[in-house]
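There are 2 protein chains.
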Amino acid sequence: MKRVKLVVAYDGTAYHGWQIQPGAPTIEGELNRALGTLLNEEIRVIGASRTDAGVHALCNVAVFDTNTCIPAEKIAYALNQRLPEDIRIQASEEVTPDFHPRRCKSRKTYEYRILNTRFPLPTKRLYAHFTYVPLNIERMKQAACYLTGEHDFKSFSSAAAVVESTVRTVHQLTVEKEQDEIIIRVCGNGFLYNMVRIIAGTLMEVGRGSMEPDHIKEILEMGERSAAGPTAPACGLTLVKYEFL
Amino acid sequence: MKRVKLVVAYDGTAYHGWQIQPGAPTIEGELNRALGTLLNEEIRVIGASRTDAGVHALCNVAVFDTNTCIPAEKIAYALNQRLPEDIRIQASEEVTPDFHPRRCKSRKTYEYRILNTRFPLPTKRLYAHFTYVPLNIERMKQAACYLTGEHDFKSFSSAAAVVESTVRTVHQLTVEKEQDEIIIRVCGNGFLYNMVRIIAGTLMEVGRGSMEPDHIKEILEMGERSAAGPTAPACGLTLVKYEFL
Numbered sequence: 029m030k031r032v033k034l035v036v037a038y039d040g041t042a043y044h045g046w047q048i049q050p051g052a053p054t055i056e057g058e059l060n061r062a063l064g065t066l067l068n069e070e071i072r073v074i075g076a077s078r079t080d081a082g083v084h085a086l087c088n089v090a091v092f093d094t095n096t097c098i099p100a101e102k103i104a105y106a107l108n109q110r111l112p113e114d115i116r117i118q119a120s121e122e123v124t125p126d127f128h129p130r131r132c133k134s135r136k137t138y139e140y141r142i143l144n145t146r147f148p149l150p151t152k153r154l155y156a157h158f159t160y161v162p163l164n165i166e167r168m169k170q171a172a173c174y175l176t177g178e179h180d181f182k183s184f185s186s187a188a189a190v191v192e193s194t195v196r197t198v199h200q201l202t203v204e205k206e207q208d209e210i211i212i213r214v215c216g217n218g219f220l221y222n223m224v225r226i227i228a229g230t231l232m233e234v235g236r237g238s239m240e241p242d243h244i245k246e247i248l249e250m251g252e253r254s255a256a257g258p259t260a261p262a263c264g265l266t267l268v269k270y271e272f273l
Numbered sequence: 029m030k031r032v033k034l035v036v037a038y039d040g041t042a043y044h045g046w047q048i049q050p051g052a053p054t055i056e057g058e059l060n061r062a063l064g065t066l067l068n069e070e071i072r073v074i075g076a077s078r079t080d081a082g083v084h085a086l087c088n089v090a091v092f093d094t095n096t097c098i099p100a101e102k103i104a105y106a107l108n109q110r111l112p113e114d115i116r117i118q119a120s121e122e123v124t125p126d127f128h129p130r131r132c133k134s135r136k137t138y139e140y141r142i143l144n145t146r147f148p149l150p151t152k153r154l155y156a157h158f159t160y161v162p163l164n165i166e167r168m169k170q171a172a173c174y175l176t177g178e179h180d181f182k183s184f185s186s187a188a189a190v191v192e193s194t195v196r197t198v199h200q201l202t203v204e205k206e207q208d209e210i211i212i213r214v215c216g217n218g219f220l221y222n223m224v225r226i227i228a229g230t231l232m233e234v235g236r237g238s239m240e241p242d243h244i245k246e247i248l249e250m251g252e253r254s255a256a257g258p259t260a261p262a263c264g265l266t267l268v269k270y271e272f273l
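Respectively, the protein sequence lines represent chains V and G. Position in the first sequence (first residue = 1) + 28 = the working numbering. Position in the second sequence (first residue = 1) + 28 = the working numbering.
Since the hints were made in silico from the structure, they are not lab data. Treat the hints with care, since some could be wrong.
Because identical chains cannot be distinguished in the list, a pair is counted as satisfied if it fits within a single copy or across any two copies.
Stated by the list, open to error - Computed cross-link-like contacts, DSS-like style, restricted to lysine-lysine with a CA-CA straight-line distance of at most 30 Å:
#1 205 - 102
#2 205 - 269
#3 133 - 169
#4 245 - 30
#5 102 - 169
#6 102 - 133
#7 269 - 133
#8 102 - 245
#9 30 - 102
#10 245 - 205
#11 169 - 30
#12 30 - 205
#13 169 - 205
#14 102 - 269
#15 269 - 245
#16 30 - 133
#17 245 - 169
#18 269 - 30
Build out the structure end to end from the sequences listed, making use of the hints.
Set out below in structure tokens:
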């Protein structure tokens, strides 16, 4: 028996998120199915980040246990031949049997992309959220400053999830313009449910002028979901980096 | 009666190219249909560049004649509501009745994108051609030099099309690395059938080392399609700029 770690990239457009659910295509479901046919065992992967429906990833992580004699490094190649083209393993390697991707200290980086043009661009529609309302990036940068560091992010979390603590550390939060796109890049030790999308939705409110940058302080203090801006659509969000510390 | 010019962006993935054909979705067909329902007239657009199946565009151009009293500038907005989300008008304006996009002097720029990584990246699969074979960009740049300027590009044209002259001018041809992608950017006064994709396929041969950069000179001299490299796949190609001179 060995434990294998996979680095998984996917286009989330066609999936109901990472987590397996009956009757709906999910990343986890596709991985279990493809691994089952490849290894001729029943496999259940453990995912690092359970991304939502429509969210993309360049480097999510999954581990599984197997009795196969196929070398761990070769599994990426063989598995890719059995996966749909919108899911591709980027690397596979053996890890110690106690490695659990959700119990390790880690640092994740997400990018939220906003296409800020007069009209939508079809070739960007799947990977960026479009808005024609002009966004002031300087205001968004000012607002972002209030969110870096350790805070109680309760206001930036969807009510659905119950967690022990809503305190998280945002190591870095940048807002950059790249041609027609505004890219919000957030790096942190962990994120609450919908946290990055609510941060994006709130920074957009600031960018369009309907909220002052320093109002972010009050939103944090209030500790209520309704204080923050809307949850920005899933398509703009991509998990771009996953580091285990 | 007035003539209206449209700037059209599209994701070519789902289409059998620009040119209308019975029983298959095409960009031209979708434009005629949407304009017909919007303006309540039978409309036949004239396209500037009849891109192939699977090729994308940020700014193709089409014109049409109409009796509508809707101001030309407003047509973009109204038309977008009637088009599928993978086609979006970027601008609409009235032009003189003699403006014909294929008879004007123009300069077009195409980008051919190659994802050169160990494994395919799902979020790039629709807009870049993937190859895991390492490509040497310096060799590709050297080869590109032989293709700029006025040449008989007969070797870089698919036999299918019959044209008066196969002489074209490539104003600029650059090869750049942008993260994991190699971008071939070609600007010219006109292109033969499949010319950019054959240039891309040939530069890839040079990049992987199976052809010397200066062999391009001989390919041009031979004037035979079989002398050049393969036609690179459509998905990597995007029409990015269209200037009327």
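Now the hints, each set against the structure:
In the homo-oligomer, the alpha carbons of residue 205 and residue 102 lie at most 30 Å apart only across protomers (28 Å), although the nearest pairing inside one protomer, at 39 Å, exceeds that limit. Proximity of residue 205 and residue 269 under a CA criterion of 30 Å is satisfied in both settings, with 20 Å inside one chain copy and 21 Å between copies. Taking CA atoms no more than 30 Å apart as the test, residue 133 paired with residue 169 passes inside one copy only; the shortest distance there is 28 Å, against 44 Å between copies. Neither within a single protomer nor between protomers do residue 245 and residue 30 lie at most 30 Å apart by alpha-carbon distance, with minima of 48 Å and 55 Å respectively.
For the identical chains of this complex, residue 102 and residue 169 are neighbours neither inside a copy (44 Å) nor across copies (34 Å), given an alpha-carbon limit of 30 Å. In this homomeric assembly, residue 102 and residue 133 come within 30 Å of each other (Cα to Cα) only inside a single copy, at 27 Å, whereas the closest approach across copies is 54 Å. With identical chains, the CA atoms of residue 269 and residue 133 are at most 30 Å apart within one copy only, with a shortest distance of 14 Å there and 47 Å across copies. In the homo-oligomer, the alpha carbons of residue 102 and residue 245 never lie at most 30 Å apart, since the shortest distance is 49 Å inside one protomer and 42 Å across protomers.
Taking the closest pair of Cα atoms, residue 30 and residue 102 come within 30 Å of each other only inside a single copy of the chain (14 Å); across copies the shortest separation is 63 Å, beyond that limit. Within a single copy, residue 245 and residue 205 get their C-alpha atoms as close as 24 Å, which meets the 30 Å cut-off; across copies the closest is 41 Å, which misses it. Taking the shortest Cα distances, residue 169 and residue 30 never come within 30 Å of each other, neither inside one copy (46 Å) nor across copies (46 Å). For the identical chains of this complex, residue 30 and residue 205 are neighbours neither inside a copy (45 Å) nor across copies (39 Å), given an alpha-carbon limit of 30 Å.
Taking the shortest Cα distances, residue 169 and residue 205 sit within 30 Å of each other both inside one copy (11 Å) and across copies (29 Å). In this assembly of identical chains, residue 102 and residue 269 lie within 30 Å of each other by CA distance solely inside one copy; the values are 23 Å within and 43 Å between copies. For a Cα distance limit of 30 Å, the shortest separation of residue 269 from residue 245 inside one copy, 28 Å, qualifies, whereas the shortest one across copies, 44 Å, does not. With identical chains, the CA atoms of residue 30 and residue 133 are at most 30 Å apart within one copy only, with a shortest distance of 22 Å there and 65 Å across copies.
In this homomeric assembly, residue 245 and residue 169 come within 30 Å of each other (Cα to Cα) only inside a single copy, at 14 Å, whereas the closest approach across copies is 51 Å. With identical chains, the CA atoms of residue 269 and residue 30 are at most 30 Å apart within one copy only, with a shortest distance of 25 Å there and 53 Å across copies.
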